[in-house]
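The listed protein sequences derive, respectively, from chains A and B. Its first residue numbered 1, the first sequence is counted upward by one per residue in the UniProt record's numbering. Its first residue numbered 1, the second sequence is counted upward by one per residue in the UniProt record's numbering.
What the hints contain is simulated information worked out from the structure, not anything from laboratory work. Just so it is clear, CB atoms sit at the ideal spot from N, CA and C, and this is done for glycine as well. Incorrect hints may appear among the rest.
Here are the simulated PhoX-like cross-link-like pairs (lysine-lysine), alpha carbons at most 20 Å apart as the crow flies [to be verified]:
hint, chain 1, residue 1, chain 2, residue 2
1, B, 39, B, 302
2, B, 57, A, 153
3, B, 333, B, 295
4, A, 23, A, 5
5, A, 153, B, 81
6, A, 153, B, 39
Computed spacing ranges between beta-carbons, pair by pair [said to hold, decoys possible]:
hint, chain 1, residue 1, chain 2, residue 2, range
7, B, 326, A, 218, 36 to 42 Å
8, A, 165, B, 222, 20 to 26 Å
9, B, 318, A, 55, 30 to 36 Å
10, A, 126, B, 189, 51 to 57 Å
11, B, 36, A, 215, 25 to 31 Å
12, B, 114, A, 165, 39 to 45 Å
13, A, 165, B, 318, 56 to 62 Å
14, B, 188, A, 28, 36 to 42 Å
15, A, 96, B, 170, 50 to 56 Å
16, B, 189, A, 30, 41 to 47 Å
17, B, 227, A, 128, 54 to 60 Å
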Amino acid sequence: MQLVKSELAPRKSRPRQGVGLHKLLAPYFGTPGNVAITIICLALVALIAAKAISWLVLDAVFSGNPATCKASVGACWPFITSKFRFMVFGFYPYEEQWRPVAALAIFFAACGISMNPATWGRKLAAFWAIALLVIFWLMLGGVLGLEYVPTAKWGGLPLSFMLSFIGLAAAFPLGIVLALARASKLPVIKVLAIAFIELVRGVPLISILFMASVMLPLFMPDGFTIDKLLRAQVAIILFAAAYVAEIVRGGLQAIPKGQYEASAAMGLHYWQMMRLIVLPQAIKIMIPPLVTLFIGFFQDTTLVVIVGLLDFLDTIRSAMRDPQWQGIAVLEGYVFAATVYLLFSTIMGAYSRFLERHFRMGHD
Amino acid sequence: MKRMTTRMLLAGLATAFLTSVTSPASAQATLDAVTKRGKLICGVSQPTPGFAVPDSKGVMTGFDVDVCRAVAAAVYGAPDKVDFVPTNINTRFQVLQSGEIDVLSRQTTMTFSRDNSLGLDFGPTVFYDGQGLMVPKQLKIESAKDLAGAAICILPGTTTLQNLADFFRANNKKFESVVFENPDENRNAFFSGRCDATSSDRSDLASIRAVANNPADFVVLPETISKEPLAPAVRQGDSNWRDIVSWAVYALIAAEEKGITKDNVDQQLTSQDPEIQRMLGVTGDLGKMIGLDNKWAYNIVKGVGNYSDVFERNLGEETPLGLTRGPNQQWTKGGLLYAPPFR
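Produce the entire structure from the sequences given, and follow the hints as far as they go.
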């Protein structure tokens with residue numbers, strides 16, 4: 001039996017190079033099958049786009065009242081414009097709504113500054129502390145000439161941001177501690193950490209919020225209630241901490257054992273090893289799952305409706321219940337919500353990719 | 001200096017936060033606590049057309065909301081001294097028990113077990129509702145008894161499904177329930193023909209029908225398959241507070257019966273009718289007896305109007321809900337509203 005070919009393979013011409021039109025189109029129109037699939041997909045896209053554009057723009061009503069909307073088949077944008085401030089700020093007193101605007105502006109500015117890794121350090125932490133203090137003062141008032149606005153009246157977009165950002169920011173250090181505790185060699189600490197993480201992860205967020213809002217006050221002494229927003233915020237922090245802990249644990253496990261041994265050989269004790277060697281490497285790995293978690297929480301804050309707080313999606317749903325607009329504008333509210341959520345999620349996603357590039361992760 | 005301001009700011013914030021932390025709950029003291037706080041805290045529905053819904057400025061309006069405003073007017077003389085807390089259908093009673101709210105005015109049906117096992121007391125019925133059924137006209141159905149085997153769209157209510165099941169079992173018929181989590185889905189499913197009928201409280205059916213492209217295409221069937229007397233509730237054990245809430249409602253009803261309206265209440269102060277005089281605090285000490293100002297009922301009518309004003313403004317035929325008074329009519333006109341005498 002002959003295993004070696006005796007004659008040369010037939011010569012083929014050199015593959016065509018360059019980025020001509022044919023090269024771009026080849027994957028789509030290369031074979032009759034591909035041509036068919038492409039045409040079907042294009043037709044579907046055109047169909048959906050045509051419907052969407054005619055609903056969103058061509059047939060849409062841009063100014064008017066519920067009656068003009070009812071007469072039209074397109075989208076009803078006056079609903080959004082007339083309800084805009086309620087959707088964004090909820091029950092926050094109408095005349096005082098410059099305060100959440102200012103608070104959001106400070107918050108976005110602080111986020112914008114912190115996005116540049118060159119600014120990270122002690123000064124930034126101090127800046128954030130001051131910024132948060134000013135934001136709370138603006139929102140809550142009661143001192144220095146601002147009218148007191150109880151937390152029960154906070155709502156809309158500022159509430160969504162507050163619950164998710166403060167939730168994750170506070171959950172992060174707690175999560176790291178939990179993850180380290182879970183990896184600890186001390187059995188009591190380890191078991192406690194495992195119990196907490198598994199218990200919290202095994203229960204849906206809504207039931208934790210329910211416990212915090214309904215059960216907790218029943219255990220309190222008569223006449224003593226804890227602020228509702230605070231309860232929801234603490235519930236979200238504890239919940240997020242369990243998830244952060246598992247992400248951190250994954251990050252820790254990805255660090256080669258040699259790193260631990262080398263730092264021990266250098267004479268570093270446990271906290272030095274963690275702070276200087278292990279965590280800085282692990283955190284880089286954790287960025288994508290952390291951002292995913294964050295985007296999820298940003299949208300999950302809607303569940304605080306069970307406590308009677310209205311976040312951004314809840315205020316939009318409330319606006320739809322106005323009898324003047326009921327049944328006329330349903331999709332428009334959700335389109336508005338989706339646009340805003342998409343905008344912020346996209347920014348977060350893009351920033352996460354920037355950070356990954358910045359730290360040059362991966363093996364390239 | 002700079003540190004000082006920061007510290008003052010912190011201290012101020014902490015105080016502001018802590019004041020929101022403490023709130024009243026102990027029995028017999030609700031009126032004191034409410035007076036001291038300067039604001040009534042009222043639990044209402046999560047936005048529901050006609051009963052509790054925010055306007056474009058975030059100000060709550062609605063039938064249940066106006067009941068709260070009446071209580072605030074009675075206590076403070078100002079109907080806008082209320083903070084509204086939207087309560088979830090599953091947690092509404094706990095929120096009341098734990099002392100977070102002073103009154104629950106939330107489309108809540110008074111029933112025996114709720115009154116006697118949940119640590120709360122109901123005030124007088126403010127709205128007589130009942131579960132009904134609505135069908136598309138083209139089905140040519142005239143009675144709920146003809147709905148054998150029908151698919152019925154409902155919301156996951158507390159008693160909606162149970163009432164339907166009881167009704168159909170009593171008539172030895174079958175039906176299929178299609179449950180929707182959200183009112184918009186329920187409505188669209190019904191309009192698009194996914195179900196043969198939809199069932200809810202009659203007030204709710206009216207609001208569903210009102211938003212149809214052509215409301216005349218749908219009919220509400222004559223049967224009322226359950227009694228749903230909606231009433232405000234307070235914590236059990238503070239009968240003074242319960243009296244205040246009850247008589248605030250009675251004042252709304254009696255004002256209509258006596259022809260006192262938001263517009264003519266000032267003229268009525270000179271009325272010769274002794275009951276009107278007592279009610280409006282011109283003579284007698286009725287207000288003092290329940291720990292309020294003698295002008296309490298005057299303030300209610302001045303602030304929110306009488307029952308008819310409240311009904312027509314939020315639910316009446318001029319509104320998108322377009323409800324007729326039905327059983328919610330004065331007893332003198334064949335309805336069920338009957339306020340005890342003010343003497």
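Here's how the hints hold up against the structure:
With a C-alpha separation of about 19 Å, the suggested pairing of residue 39/B with residue 302/B holds against the 20 Å cut-off. The hinted pair formed by residue 57/B and residue 153/A meets the criterion: a straight-line CA distance of about 13 Å does not exceed 20 Å. For the given pair, residue 333/B sits about 28 Å from residue 295/B by alpha-carbon distance, which is inconsistent with the 20 Å threshold. Simply put, residue 23/A and residue 5/A have alpha-carbon atoms about 34 Å apart, too far for the 20 Å limit, and the pair is violated.
At roughly 14 Å between alpha-carbon atoms, residue 153/A and residue 81/B fall within 20 Å of each other, so this suggested pair holds. With a C-alpha separation of about 13 Å, the suggested pairing of residue 153/A with residue 39/B holds against the 20 Å cut-off. Taking the beta carbon of each, residue 326/B and residue 218/A are about 39 Å apart, inside 36 to 42 Å as hinted. Range check, residue 165/A to residue 222/B: Cβ separation about 55 Å, and the 20 to 26 Å hint is violated.
A beta carbon spacing of about 32 Å between residue 318/B and residue 55/A agrees with the range 30 to 36 Å that was offered as a hint. The supplied range of 51 to 57 Å is met by residue 126/A and residue 189/B, whose beta-carbon atoms lie about 55 Å from each other. Take residue 36/B and residue 215/A: their Cβ atoms lie about 28 Å apart, and the range 25 to 31 Å holds. Between residue 114/B and residue 165/A, the C-beta spacing of about 40 Å keeps the proposed range 39 to 45 Å intact.
Look at residue 165/A against residue 318/B: about 45 Å separates their beta carbons, and that is not inside 56 to 62 Å. Between residue 188/B and residue 28/A the Cβ separation comes to about 38 Å, which falls inside the hinted range of 36 to 42 Å. Hint check: residue 96/A to residue 170/B, Cβ distance near 55 Å, so the stated range 50 to 56 Å holds. Taking 41 to 47 Å as the suggested C-beta distance range, the pair residue 189/B and residue 30/A conforms, at roughly 45 Å.
Separation of residue 227/B from residue 128/A is about 58 Å and conforms to the stated range, judged on CB atoms against 54 to 60 Å.
Checked against the numbered hints given earlier, the structure breaks hints 3, 4, 8 and 13 and satisfies all the rest.
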